[in-house]
Every structure is written in C-alpha cells, then in structure tokens.
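A.B. asks: Residue numbers (our numbering), protein chains in the order written: chain W, 23 to 117; chain E, -3 to 484; chain U, 223 to 735.
The hints are simulated quantities; they were obtained by calculation from the structure and are not laboratory data. Honestly, I wouldn't trust all of these hints.
Calculated cross-link-like contacts (lysine-lysine; reagent style DSS-like; alpha-carbon spacing at most 27 Å) [stated by the list, open to error]: (1) E:K218 with E:K83; (2) E:K394 with E:K463; (3) U:K645 with W:K62; (4) E:K83 with E:K133; (5) E:K397 with E:K362; (6) E:K394 with E:K371; (7) E:K218 with E:K133; (8) E:K133 with W:K114; (9) W:K114 with E:K83; (10) U:K500 with U:K645; (11) E:K442 with E:K468; (12) E:K118 with E:K205; (13) U:K500 with W:K62; (14) W:K114 with E:K218; (15) E:K133 with U:K576; (16) E:K344 with E:K371; (17) W:K114 with U:K576; (18) E:K473 with E:K394; (19) U:K576 with E:K83.
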Amino acid sequence: MRVSLEDVDHIALLARVGLTDDERAAMRSDLEAILGYIAKLEQLDTDAVEPTAHVAELTTPLRDDLATNPEAPDAMVSNAPDRDRNFIRVPKIIE
Amino acid sequence: MSDAKSDYGAYEPVIGLEVHAQLLTESKLFCSCSSAFGAAPNAHTCPVCMGMPGVLPVLNRRALEFAVRTALATGCTIPPVARWARKNYFYPDLPKGYQISMYEAPLAVGGVVNVQTPDGAKHVRLTRIHMEEDAGKNIHDAHDDHSLVDLNRAGVPLLEIVSEPDIASSAEAAAYLRNLRAILQYLGVCDGNMEEGSMRCDANVSVRKRGADKLGTRAEIKNMNSFRNVERAIDSEIRRQIALLESGSRVAQETRLWDAERGQTFPMRSKEEANDYRYFPEPDLLPLRVDRTWIEELRAQLPELPEARRARFVAQYGLPAYDAEVLTARRDVADYFEAAVAAHANPKALSNWVMGDILRLVRERKLDEQLVIEKWPVQPADLGALVALIDDQTISGKIAKTVFDEMVETGAAPGTIVERRGLTQLTDDAAIAAAIDGVIAQNASKVEEYRAGKDRLFGFFVGQVMKVTGGKANPQKLNEILRAKLSA
Amino acid sequence: MNEVRSIDLSEPSSWTVAAARRALDRHETSALELARFFLGRSARLEPSVHALLAVTTERALADADAADRRLGAGESGPLLGIPIVLKDIFATRGIATTCASRILEGFVPPYDSDAAERLQRAGAVLIGKANMDEFAMGSSTENSAFGVTHNPWDLARVPGGSSGGSAAAVAAGECLASLGTDTGGSIRLPASYCGISGIKPTYGRVSRFGVVAYASSLDQVGPFAWTVRDLATVLGVVAGHDPRDSTSVPRPVPDYASGLTGDVKGLRIGVPQEYFVKGMAPDVERAVRVTIDQLASLGATVVEVSLPHTEYAVAAYYLIATAEASSNLARYDGVKYGLRREERGGNLLEMYRKTRDGGFGAEVKRRIMLGTYALSAGYYDAYYLKAQKVRTLIRRDFLAAFERCDLIATPTAPTTAFRLGEKTADPLEMYLSDIFTISVNLAGLPGLVVPCGFDAQDLPIGLQLIAPPFGEEVALRAGDAYQGATAWHLRRPRLASAGLGEADGEPRRVNSR
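With the hints as extra help, turn the sequences into a complete structure.
C.D. replies: Dropping the structure here:
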C-alpha cells in the first residue's frame, strides 16, 4: 500500500496535526511500513464474519431524566487556556 | 397554496427536508446537566458534556422515550438494533471533537407525514429518525478577532427526522413542517419553535424536467429560521436552479445559506475540503435494543394525533375544515375548545370565539410561546357559559363582547357580570313595543321621512331604541316590532 | 500456601499488602508510618528509577491520617492505610493528571476516576502518580513526554509499557500496590519485565470512568502487586458496576481472596502452539515450559490447543486501537483545557495544528494518523471494518479453546526487558513486543501475569494465564497455587535494599534518560 506525501497532508489536515517537513517524510515512510504489515489481514476471508464492535453482550443502560448536576461554570471553565468571564475564548474561525 | 404544476413550467422540483428537533427533556442526552434554555454562559456544563479526559456518556431514558413515541406517531418501524456512531470533526462548539449520533443503524425507518395539497392528501415518506447530541454555541464578537464559546447547548438531545425527496413545492415543504411540528407538539416532545432554534430545518433541493426519471443535482440549503423563510428559500432556490439549467449551466452540488434580507441563497464559503466524518460505531455505548414491551406500552399511550383530531372535529362537531385546522394546530388549543364544548354544546359558535377573541388575546399577551398555554385569558367553562347566555337569549351577541371584556379583566363568571351590570337582554315584546313607541313619538318628522321612502333611517330608529333600552333590546325582536310599527 | 507475616520495613520481601494489613490491624505500625516510609523510598529511588511523575506528599499524609483515625476506631478493610500509586491516566480530583503528555501538562481535573474514588473510600494512601507512555501508547514507557522510567532490576533497561511507572514503583519498593491500564498488554508486559504480578480483568469488570481513553473497546484497569493474593485484594476493591460507564458490566464481584484455595487439581491448562514462535528468547521459552510442567505436577492437566488467528492480532489491534484513539484524542484541541499554542492574530486552524503538533509526541501522532487513515473515506471497509471482523475470529478461537481447557498458559513477551533506546528506531519492531498480549484485549478476556523465572542476565520472565470471560477467579487461583509452590515472587531487585544498610543495594544512576 503506497502512501504519498499528499496522503499524509490530507490525513494530517483531517486530524488537525501540524507536521514539519521532516515529520511529514518520516510519517510517510512509517505509515507505509505499518500499512504494509497490516496488509496481511487481506489473507483472511471475512465475508461471512460479523464485526465485533463490543465484546460485552449487553444493551445500552438508561439514566433517569434528572438535571442533578450543579451549576459551576467557573470550575468548568477554570482549565480553559483563554477565557472571557465564563466564556471560553478561541481565535477567529475562518469560514 | 401555490399550484406546483403550474409554478415552475417544464420543471418539477424535488425536495427533501431534514429537521432537527430539540427534545423537551430535563437533562441532556448523555449527562445530568440541565437542558433548559437561557442560562448564564457555561452554567449547564459538566466534565461529560465538556469532553474532559476520561468521561463517558450515559443515555437519558426520557430522550429515548420521546424518540420512540415520535417514531410510533409517524408510523415508523423500529428495527431490533440501533447503533450509536461517532461523527468526527473539529469545531470549538464540539467539545469531544466528535458528535455522538447514529449512522448505519438509525432508531427508526420508514414512517410518513401527511400533507394536504390542492390535489388531495399526499404522503411524504420518512427515510429515518435518529437521535444525536446538539453542539454548543460560538458567538462571534464583531469587535474582536476572537469567538466566545458557550457549551450550555452541547449535549442537548436532538431528534433528526429525514424525509424522502417526496416534497414537490415550497408550499408543500411549509405544510410538511407545520404538520410535523404539530405532531411533535402533540406528543410533548418538542415545542417546535423555529425562531428560537428548538426546531431547525435544512432542505435538499433539486429540479428535473417534468416526467424525467433521473434526479437532478441537489443543493443543500441552510439557515432558514421560520416556516415563511423555508418557503421563500426553497422557492428562490428552485428558480435559481431552473435559471441555471435553462442557460445551459449545471447545478453544483454544494451547501448554500439562505439570506433572508437579500432574498437569495449564497454558497457557503467552501471549507478546505469536504468534511470526511469518518463515522464508526461508538465504543462507549452499547447497541440499542429498545424493549418491545415498552414500545407497545408507549404505542398504547399515544395521544390522539393532529390529523385524526382534525378529522374528528369535522365529523363530530360539524366544523368546517378551516376551523378544524386552526383549532387542532396546537394540542392545548384543541383541548381548550373541547372543554368549552363540553360546558356548552355549540361547537361552531365556540369555534368562532376561540379562533377570534381567545387566540387574539393569547397572541397579544405572548401566552403561546410555551408548548402549553399556561394562563388562558378566560377559562373554557366560562366561555361555554357565555355562549350559553347568548344561545338562551339572555344577552345579545353584541353585549356578549362587553361581558367578555370584563371576564378577561376581572376573571368573573359571565352570569355574575350580566346580573351585576343588569345586562340582561330585553325580550319582552310589550316593553320593546313601548320603547319603540316612545322613540317614534319623539321623532315624528323622521318617521315621516322614513315612510316617504328614506329606508336608511331604519338604522337610526334601531340605534335610538337601543339607546333608550341601554343596548339591551333583543335585536331580532326590535327589528320585527319596529318594522311592523313603522309600516303601519 | 505462604503464611502471612507482618510487614517488616527492613525486609523488602515482606512488603506486600497482606503483610501490611496484618501489621496495621494489630497496630504494630500505623498508616502514617507506612506513608512516611514509602514517601522516603520514593525520595531515595526516584532519581534513578523515575517511576513517578508526581509524588503526592500532602495527599498521602492526609490519606494516612484519615486511615489511622479509622483504624483507631476499630475499623479494618483490605486497603485501609495501604500505600498505593496510580498511573497518571487516572483522573484525580485536584491533582494534576497528565497522561505523560505535554498537551495535558498542568491539567487538574475537577473529578475523580471511579477507581481513584473506590481506593480513597477504602482508605488507601496515594503516594504518587506514575509515569507511562504518552496516552498509554507504547510498550516501554519511553514515549513519556517527561522522561523515561528505568527498570529496577537493571536501570539501563525499560520497565515495559505503557504502565511502566506503576510496575516499577512496586518493583522498586516505592509502594505496596499500584493501578495501571491495559489496552494491548500495558499491565501484563510491565509486570513481566519488572518481575511482579499483574492482572488485566475482563473488559467491563472495572469502570473506565475517569480513565483517560486510548482505545475505548480495549482499555481495562488492573492492579500490580508482588503476589497474586494482593492482586485479588486490590481487584476486589476496584471491580464492580459503575452507572457512569455504560460498558461497565452489572455483574456481582466475587470475593476473590476466598477463591484462593491453592488447589489446581484437574484444572486443564491449554498451551497454544502459535505462542511458541521462532524468535522467542530461549530462556523465556524454557522458563515458561518449566512453569507449565510445574503446574502439571501440582495436579493440573496440560492440553494442546490452537489459536489459529494469533498472527493477525497485532495488525487488527493497530487498526482498531488507533482508529478509536484518533477519535478519543480529538478533544485535545487547545480550546477547553490543557496546552494551547496560538500566535497573535492567528486563526483557529493554526491553533489546532500548532497545539497538537507541539502537544503530542511522535508515537501519539503516528497512531492518530494511522487511525484517521483507517477510518477515512474509502478505507473504512478495508481497514477498520476488516479488523473488527478479524477480532471476531480471534475471540472465537479463544472461546473454542476454552471448551477444552480452563486456562491458557503462554509467555508474556518474546524477550525479557530490552535496553532503553534499543527499539525506538522502528515502530513496527516495538509493536511486535505485544504479540502475546494483544489477542487477549481483542477478545476482552482476563489475563494474569506472574513471575516464573529469570534469564541469564537476571532479568525477570513472566507467565501469562488467560481465562474465559469473568474467569478471573480461576486464573487467580492457579497463580496463587503456583506462588505457593515457588519463590520467584519473593525475589527483589538489588536496589530494593537501598538505604536499608546493604552497601551493594545502592542504585547506580544511569545516564540513559
């Protein structure tokens, strides 16, 4: 499975990970090598096999509809790197 | 209602609607924060809905109940298993960097919402209904290079209702939305307020030559915040697409925003790349197998739905279709009407009073902003009593308006008001005759003029008799006796 | 069965939870004395071992004080007054929780993980937060943003990962037990490399609430300690249903300690041929085979089984785990908490990129990229979906094998602890250290590791016992019986005696950080 630098750039953008040029090149060859190894899965015929998304054989547990959480905006926002009163502040979004 | 066939010439529009409805639960979909609107910034947040490290979602039972009831009310099938999925993208109002939604296995499929068209009833099929969490809010500060993020709304439960592209005109789209909203309101699951954003709508619009099989390229239209704007936006988009095709151009598959002020749609500034949401099954939540017994219990407890109630109002009360539609648009209004009829069985008269005076007052006082009108200006039993007083001739229709105004102001019962103010109608023939005699005696010249042919003066005499009797003379009797005396 | 004697602070081989319990209950020592002692151990050993990212002195003393008051009131409890360490992946209210990542440097959670809450309720004493591979991604603890941890048996070597700090803290004698997490072997591998016992319970046995997520369908919480008996004690405290974790199983927690009967007669031990591969260190293979023979001599029966899809496990794991991780780590975006890197006048996209570039280490970035790739449009079926199907095949292999045996015995790793820096050049080579442990996570099964020997360089070797779903009791019983008949778990690294009056116990600081 060939991985190109364009592939790396596209994935890096989807994942919002900035990479330096050196990192890009290393990432390209690492991904190619790893995907090359992973290709061995193609040896298996899995057409008739169901995927396992969850090993636990249960169904979704339910919670009562009660608004019991306390209001603590200051505590919740206190870890924010930039805040304006109780808002979280972020740089402008270019649409 | 516009006639779809003639509006767009050789083209027919093909429209599908995606509605997001905020559910009226106390708490959020996956945590116990309040989902109420209007709190101070970030007051309704916790580590879970803030997406802090290591937190996990736990499903709100009532949100699921609301979703199931909506599915049942629209005739959907609920498959044995539904699956939660992560929709991955980056945005400041999306704390986890993914939205928990449903993808390949939604909660419900295959329902229908009926719409009245000039050609009769039409079934708009539903593709699917699924549950997902809402995102927070970004507030763009005009003066600053920054945005402010409020996560109160992040995690509020949403129902996404997707229709098949069965809708054929902008008017049909608005009618679909109205009917869907009525269903949601009847169920008590959503208050359907588009202006406030508790119900949102996106439209997928394409056109094709009438009779063609293949679908045209569709554009997605967003940012329509009222039924009126939905209609205007879809209409504008249909015309835009037709114009493009007529001029030999092609319609681009894109997302466009409706600009209400300029009356047009504009393409959204394209993002760096079309979003690849990388959906995969949500590992923190297990497959959703809704208990079948519970589904049947909910089905049995469904209220009478708008369409059925509308039909019953026509059949049972003999109301015209228009009245039935107005009265059943909101469940609480329909309930009010029926309570009044139960107090006094004159449906048509009560319909007029409700559609007229009652709803006017309700709108003026903004009492209809909630899902259920809390304080009606007049109790239904009292309204019924008022109409009863008209029907048994105790008061005239005109006097009734005066009584009504006082009922609104003081909350007193109509009978009490009539007695206290001596508003009982005068129905005694002899008394009316005496009053008329008096007026005739006082206005001899006018009587002459009338008898000579000035018919208009009849109203003058009526007015004078009313004055003398303090407005209480029974109008029909007055007319009868006056006419008789004047012609003599 | 070993008779429990009271803890003797001058004798490292007595430093177990059971021994401390005896001494505390008999008021031969106090929680405060133990806390001070182990805090002192940390101070002495941390410059060489670096098992901990933070020593939580104030909290430890407060915990100890509270425990002593309860003990004074006549209360007892399995972990009351016991010094423990938590991997820095467990949210601890008011105490920094970093996952060994710059992107969470200084993050102080306003909530506790369920495990931390249970331990605190039980009266355990928190000595510190342990070093780990960043976001649990790694097999050696070399991927920490805050320095490597050194294996107490040989400071030039790795302790294993990703829970290397938690394992090293026990092995070095800085605490009596610790908690780690295991997604592909991250408890079992460090237990093996550090010569201690460790268990990854069945998926869903212990709540994941407050455990920073790496791969949600694979992560599990589990304890480290010297003895299997101690593991049973700690597991009994942290296991159990938590309504805050929807994948947490509502199944009653057995009294694990009472199942330690010492009896393995008739127990069928499956030995999978696929786990004895070429390229395994001969000492490791020998020790494991001898151990299996010993279990047989204790009354167990040995059965040959086959797990035919073993060779596909690493590939499937590195698609599923990285896909889930790429999504779980999207929340580290510089917006709400943690590191933010932005420039004056910069825009949001730049902030995301700079923050995540500066905040994540190379291995984390690699796995995020791989996971994003596996889920991306056009590749989902071939990668993620395919891997989930292979997962089904792997689980079926185990369930079929368990029809013929009660436990499966395997080596834990192909080698003993390797040198720091030895495998960092080739990510794939590092991934293959997990070859014996990964399948167990994919199948959601419990896996226990006990020390079973030493190689020619005196490095520990671990035996892995895999049980059927919720079969922890069987594995613990077999492990405990084995420890009753052997003494591997009583050996201590030389530096364990540091400061206790033995000249050659003093650790030499190694320049390999």
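A.B. asks: If a hint holds in the structure, say so; if it doesn't, say that too.
C.D. replies: Hints and how they fare:
Under the criterion of a C-alpha separation no larger than 27 Å, the hint pairing K218 (chain E) with K83 (chain E) is consistent with the structure, at around 19 Å. This hinted pair checks out: K394 (chain E) and K463 (chain E) have alpha carbons roughly 14 Å apart, not beyond 27 Å. A C-alpha spacing of about 23 Å is found between K645 (chain U) and K62 (chain W), which places the hinted pair at or below 27 Å, so the restraint holds. Distance restraint check for K83 (chain E) and K133 (chain E): the Cα-Cα separation of roughly 18 Å lies within the 27 Å cut-off, and the hinted pair is therefore satisfied.
Pair hint K397 (chain E) plus K362 (chain E) holds up; C-alpha atoms about 22 Å apart against a cutoff of 27 Å. Note on K394 (chain E) and K371 (chain E): the hinted pairing holds, with a Cα-Cα distance of about 26 Å set against a maximum of 27 Å. Of the pairs offered as hints, the one joining K218 (chain E) and K133 (chain E) holds, with about 17 Å between alpha carbons and a cut-off of 27 Å not exceeded. A distance of roughly 14 Å separates the Cα atoms of K133 (chain E) and K114 (chain W); the hinted pair therefore holds under the 27 Å criterion.
A threshold of 27 Å between alpha carbons decides the hint, and for K114 (chain W) with K83 (chain E) the separation of about 23 Å falls inside it, so the pair holds. Between K500 (chain U) and K645 (chain U), the direct Cα distance comes to roughly 19 Å. Compliance with the 27 Å bound is thereby established for this hinted pair. Using a Cα cut-off of 27 Å, the hinted pair K442 (chain E) and K468 (chain E) holds, with the two alpha carbons roughly 23 Å apart. With a CA separation close to 21 Å, the supplied pair K118 (chain E) and K205 (chain E) stays within the 27 Å bound.
A threshold of 27 Å between alpha carbons decides the hint, and for K500 (chain U) with K62 (chain W) the separation of about 19 Å falls inside it, so the pair holds. Between K114 (chain W) and K218 (chain E) the CA atoms are separated by roughly 22 Å; this keeps the pair inside 27 Å, and the hint holds. Using a Cα cut-off of 27 Å, the hinted pair K133 (chain E) and K576 (chain U) holds, with the two alpha carbons roughly 24 Å apart. Annotation: proposed proximity of K344 (chain E) to K371 (chain E) holds, straight-line Cα distance about 24 Å (limit 27 Å).
Straight-line distance between C-alpha atoms of K114 (chain W) and K576 (chain U) comes to about 15 Å, which keeps the hinted pair within the 27 Å bound. Proposed proximity of K473 (chain E) and K394 (chain E) is supported: the alpha carbons are some 15 Å apart, at most 27 Å. For the proposed pair K576 (chain U) and K83 (chain E), the alpha carbon gap of about 23 Å is at most 27 Å, so the pair holds.
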